[in-house]
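*Asks:* Make the full structure from the sequences, and use the hints.
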Amino acid sequence: MAGIGGPSRGSGRRRSLDGEINLVPFIDLLSMCICFLLMTAIWIEVGSIQLHQLFGTEGMDNNHPVEVEVRMNGKSDYRVQIEQQGKVISAMEIRSDATMDAKARISQFMAQVQNLILSSGTEVQVSARVIPTATVDYAELITILDILKGYGVSALAVVPVRN
Amino acid sequence: MILNTPLKPSLFTKRLLARKHQTKKTKRVIVVGLMLTSMVDMFSLLVIFLLQSFSNSPEVMAMTKGIVLPAAVSAAAPIDAPLLTVTETEILVDQKSMGKIQDVLARPEALVKSLVDMKDGWQERHKTEAFKGDIHLQADRGLSSVLISQLIGIVNSQGYASVHLAVVNGAGK
Numbered sequence: 103m104a105g106i107g108g109p110s111r112g113s114g115r116r117r118s119l120d121g122e123i124n125l126v127p128f129i130d131l132l133s134m135c136i137c138f139l140l141m142t143a144i145w146i147e148v149g150s151i152q153l154h155q156l157f158g159t160e161g162m163d164n165n166h167p168v169e170v171e172v173r174m175n176g177k178s179d180y181r182v183q184i185e186q187q188g189k190v191i192s193a194m195e196i197r198s199d200a201t202m203d204a205k206a207r208i209s210q211f212m213a214q215v216q217n218l219i220l221s222s223g224t225e226v227q228v229s230a231r232v233i234p235t236a237t238v239d240y241a242e243l244i245t246i247l248d249i250l251k252g253y254g255v256s257a258l259a260v261v262p263v264r265n
Numbered sequence: 002m003i004l005n006t007p008l009k010p011s012l013f014t015k016r017l018l019a020r021k022h023q024t025k026k027t028k029r030v031i032v033v034g035l036m037l038t039s040m041v042d043m044f045s046l047l048v049i050f051l052l053q054s055f056s057n058s059p060e061v062m063a064m065t066k067g068i069v070l071p072a073a074v075s076a077a078a079p080i081d082a083p084l085l086t087v088t089e090t091e092i093l094v095d096q097k098s099m100g101k102i103q104d105v106l107a108r109p110e111a112l113v114k115s116l117v118d119m120k121d122g123w124q125e126r127h128k129t130e131a132f133k134g135d136i137h138l139q140a141d142r143g144l145s146s147v148l149i150s151q152l153i154g155i156v157n158s159q160g161y162a163s164v165h166l167a168v169v170n171g172a173g174k
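As they're listed, the protein sequences go chains A and B. The opening position of the first sequence corresponds to residue 103 in this note's numbering, with each subsequent residue numbered one higher. The opening position of the second sequence corresponds to residue 2 in this note's numbering, with each subsequent residue numbered one higher.
The hints are simulated quantities; they were obtained by calculation from the structure and are not laboratory data. Bear in mind that the values here come from a model prediction, so they are computed numbers and not experimental data. There may be inaccurate statements among the hints.
A few chain A residues that don't get close to chain B, going by computed Cβ distances all over 12 Å [said to hold, decoys possible]: (1) 119; (2) 197; (3) 219; (4) 226.
Just the calculated beta-carbon pair ranges, DEER-fashion [to be verified]: (5) 136(A) to 118(B): 40 to 48 Å; (6) 129(A) to 124(B): 51 to 59 Å; (7) 210(A) to 55(B): 52 to 60 Å; (8) 158(B) to 143(A): 33 to 41 Å; (9) 127(B) to 199(A): 46 to 54 Å; (10) 128(B) to 138(A): 48 to 56 Å; (11) 50(B) to 123(A): 20 to 28 Å; (12) 181(A) to 66(B): 22 to 30 Å; (13) 118(B) to 130(A): 44 to 52 Å; (14) 133(B) to 181(A): 12 to 20 Å; (15) 203(A) to 128(B): 49 to 57 Å; (16) 69(B) to 203(A): 19 to 27 Å; (17) 30(B) to 122(A): 22 to 30 Å.
Distance condition first, Cα-Cα at most 30 Å in a straight line; then the derived DSS-like pairs of lysine-lysine [what the hints assert, rightly or not]: (18) 101(B) to 66(B); (19) 251(A) to 15(B); (20) 205(A) to 177(A); (21) 177(A) to 101(B); (22) 120(B) to 97(B); (23) 251(A) to 66(B); (24) 177(A) to 66(B); (25) 128(B) to 114(B); (26) 251(A) to 133(B); (27) 205(A) to 189(A); (28) 66(B) to 114(B); (29) 114(B) to 97(B); (30) 101(B) to 114(B); (31) 251(A) to 177(A); (32) 66(B) to 120(B).
All C-beta atoms in this analysis are idealised placements derived from N, C-alpha and C, irrespective of residue type, glycine included.
*Replies:* Structure below.
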């Protein structure tokens with residue numbers, strides 16, 4: 103039987119102070135705890151990308167002097183334009199080719215925009231709106247939103263489009 | 002050859018002992034000791050580690066079977082908000098079916114009513130606070146982005162301005 107305890111020492115008249123702890127139920131309990139925790143654990147970490155829809159809502163604000171518009175014309179075919187105070191300051195057609203993927207090109211473009219904003223020395227809030235198209239799946243839309251969020255775009259929006 | 006000399010007790014004992022040693026050599030009993038103290042230590046550490054690592058997850062979003070979420074790197078932790086789920090075939094609000102996707106988009110009255118009810122329920126529970134308009138949108142990665150944008154438009158029209166798109170954390174394909 104499992105237990106912790108040593109042989110009693112000293113004279114026979116003295117009562118032994120070494121008690122025995124029965125480890126078997128303790129091990130059972132711990133095993134059950136481990137099994138329960140492992141079975142109820144959530145292994146897929148789910149997060150969320152927040153959209154601040156700016157169209158026709160009470161939360162609409164115009165505190166974003168720089169706006170990025172990504173128009174998804176098709177799979178890996180985008181048009182990105184930067185607007186400042188409502189005026190287009192830069193626009194670029196982005197497509198995948200043999201040298202670079204369209205998403206990598208968007209990342210490159212956004213890095214340039216970020217550097218431009220940082221070089222101005224003032225903290226500028228950037229918002230972005232993405233205009234999807236029927237040929238683009240939801241995963242690609244999320245990838246674009248993820249890239250924009252990764253480059254510090256504070257307010258993201260998806261423009262509702264009809265089929 | 003038979004010895005005439007009688008067996009002395011000492012010799013007899015020696016022979017018995019020799020036979021005993023022989024049998025001991027052939028049948029070796031191996032007793033493996035289990036270090037229970039170390040095992041209990043290890044189990045305790047495992048339990049503490051598991052409790053610690055699972056206790057700091059703030060909100061858990063209910064996952065609907067059959068949905069493959071898209072992956073994103075810059076995702077934030079989910080919040081306590083109603084859940085709009087879009088599977089490949091139907092639309093659900095807080096695990097309650099609203100009907101098939103095309104039917105709901107053609108006649109969104111049931112979805113709108115459900116969204117309004119949720120909003121009213123929230124405002125009744127939080128009388129002193131302004132409605133934040135948070136809602137989670139959980140959709141399959143293979144769905145059309147236009148369909149998702151239309152649903153965003155519907156929830157947006159009912160005052161849900163802050164739509165949280167559910168994603169799997171990490172750089173997936």
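*Asks:* Hints the structure violates: just list their numbers, smallest first.
*Replies:* Per hint list: 7, 10, 12, 14 and 19 violated.
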